[in-house]
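Asker: Based on the sequences and whatever the hints tell you, model everything.
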Amino acid sequence: MEFSNISLRPFDLSDIDNFMEWASDEKVTYFCTWGPYTSKEEGITFIKDRVIPHPWCRAVCLDDKPIGSICVNSNSGNDRCRGELGYHLGFKYWGKGIGTKAVKLVCETIFKDWPHLERLEALVDVENGGSLKVLEKVGFQREGVLRKFFLHRGKIRDMVMFSLLSTDPIS
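No gaps in the numbering here: position 32 of the sequence shown is 32 in my numbering, and each next residue is one more.
Check the hints yourself; a few may be wrong.
With a cut-off of at most 20 Å between alpha-carbon atoms, the simulated SDA-like pairs for lysine to any residue come out as follows [said to hold, decoys possible]:
#1 Lys104 <-> Glu84
#2 Lys27 <-> Tyr87
#3 Lys133 <-> Gly154
#4 Lys48 <-> Asp15
#5 Lys96 <-> Ser7
#6 Lys112 <-> Lys148
#7 Lys112 <-> Arg9
#8 Lys48 <-> Leu8
#9 Lys48 <-> Gly86
#10 Lys40 <-> Asp15
#11 Lys133 <-> Lys112
#12 Lys133 <-> Ser171
#13 Lys48 <-> Asp12
#14 Lys65 <-> Leu8
#15 Lys112 <-> Asn128
#16 Lys137 <-> Leu105
#17 Lys112 <-> Met161
#18 Lys104 <-> Arg119
#19 Lys148 <-> Asp125
#20 Lys137 <-> Lys65
#21 Lys133 <-> Ile70
#22 Lys40 <-> Pro55
#23 Lys40 <-> Ile52
Taking CB as the label site, the calculated pair distances span [unchecked claim]:
#24 Asp17 <-> Lys148: 33 to 43 Å
#25 Asp17 <-> Asp158: 28 to 38 Å
#26 Ser39 <-> Gly139: 14 to 24 Å
#27 Gln141 <-> Asn78: 29 to 39 Å
Don't read these hints as lab results, they were simulated from the structure. Where a beta carbon is used, it is the ideal one built from N, C-alpha and C, also for glycine.
Answerer: Next up, the structure:
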């Protein structure tokens, strides 16, 4: 896969059709706390009310076409030094290195964009093998398994905690 045509940019309402390609896919949203979206109207509302106003949410683009999303959520107060990374990629783009490239792009910029950030975290379901591999390839440290940590769609899930510090090298 040629990585020079992979980029990150803010979302726009005109991205709705591309957004719906992955946000309505049960395979993509299986580990997400949202979706799958079943109507274009739901997707438009989500983009308008949650994505566009988000301080650091970007479309993962291939040739400027959105094929996924990647966001960093900021903490506040005493936890302000930490942010949490989350990402989603259309199913047909899995296993091609695009997710790894997108996470690298975020890691190369987020600590400059948010100088208060010292630590970027990612919580990943223990069964989400693709995301586990992406984070390890980028250089995130696997810190441990948080047992019975999260209630997701009626089941208690174990989660793996990953982190990347502002001083860590990016692979």
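Asker: If a hint holds in the structure, say so; if it doesn't, say that too.
Answerer: Against the structure, the hints:
Simply put, Lys104 and Glu84 have alpha-carbon atoms about 15 Å apart, close enough for the 20 Å limit, and the pair holds. At roughly 14 Å between alpha-carbon atoms, Lys27 and Tyr87 fall within 20 Å of each other, so this suggested pair holds. A distance of roughly 26 Å separates the Cα atoms of Lys133 and Gly154; the hinted pair therefore is violated under the 20 Å criterion. Distance check on the hinted pair: Lys48 and Asp15 sit about 11 Å apart at the alpha-carbon level, within 20 Å; holds.
A hinted pair counts as satisfied when its Cα atoms are at most 20 Å apart, and Lys96 with Ser7 qualifies at roughly 15 Å. Between Lys112 and Lys148, the direct Cα distance comes to roughly 34 Å. Violation of the 20 Å bound is thereby established for this hinted pair. Our distance criterion of 20 Å between C-alpha atoms is met by Lys112 and Arg9, whose separation comes to about 16 Å. For the given pair, Lys48 sits about 18 Å from Leu8 by alpha-carbon distance, which is consistent with the 20 Å threshold.
Restraint check for Lys48 and Gly86: satisfied, since their Cα atoms lie roughly 19 Å apart, inside the 20 Å limit. Restraint check for Lys40 and Asp15: the C-alpha separation of about 11 Å stays at or below 20 Å, so the hint holds. Taking the CA atoms of Lys133 and Lys112, the gap is near 25 Å; set against the 20 Å cutoff, the hint is violated. Restraint check for Lys133 and Ser171: the C-alpha separation of about 13 Å stays at or below 20 Å, so the hint holds.
As the CA atoms of Lys48 and Asp12 are separated by approximately 8 Å, the hinted pair is consistent with the 20 Å bound. Our distance criterion of 20 Å between C-alpha atoms is met by Lys65 and Leu8, whose separation comes to about 10 Å. Between the alpha carbons of Lys112 and Asn128 the distance comes to roughly 29 Å, so the proposed pair goes past 20 Å and is violated. For the given pair, Lys137 sits about 13 Å from Leu105 by alpha-carbon distance, which is consistent with the 20 Å threshold.
The straight-line distance between the Cα atoms of Lys112 and Met161 is roughly 23 Å, outside the 20 Å bound, and the hint therefore fails. Between Lys104 and Arg119 the CA atoms are separated by roughly 15 Å; this keeps the pair inside 20 Å, and the hint holds. Pair hint Lys148 plus Asp125 holds up; C-alpha atoms about 11 Å apart against a cutoff of 20 Å. Note on Lys137 and Lys65: the hinted pairing is violated, with a Cα-Cα distance of about 24 Å set against a maximum of 20 Å.
The suggested pairing of Lys133 with Ile70 holds, with an alpha-carbon distance near 16 Å, which does not exceed 20 Å. Restraint check for Lys40 and Pro55: not satisfied, since their Cα atoms lie roughly 23 Å apart, outside the 20 Å limit. About 16 Å separates the Cα atoms of Lys40 and Ile52, which keeps this hinted pair within 20 Å; it holds. The hinted range of 33 to 43 Å is satisfied by Asp17 and Lys148, whose Cβ atoms lie roughly 39 Å apart.
Between Asp17 and Asp158 the beta carbon distance is about 36 Å. The supplied range of 28 to 38 Å therefore holds. Evaluation of the 14 to 24 Å hint for Ser39 and Gly139 yields a failure: the beta carbon distance comes to about 39 Å. A hinted range of 29 to 39 Å is violated for the C-beta pair Gln141 and Asn78, which are about 22 Å apart.
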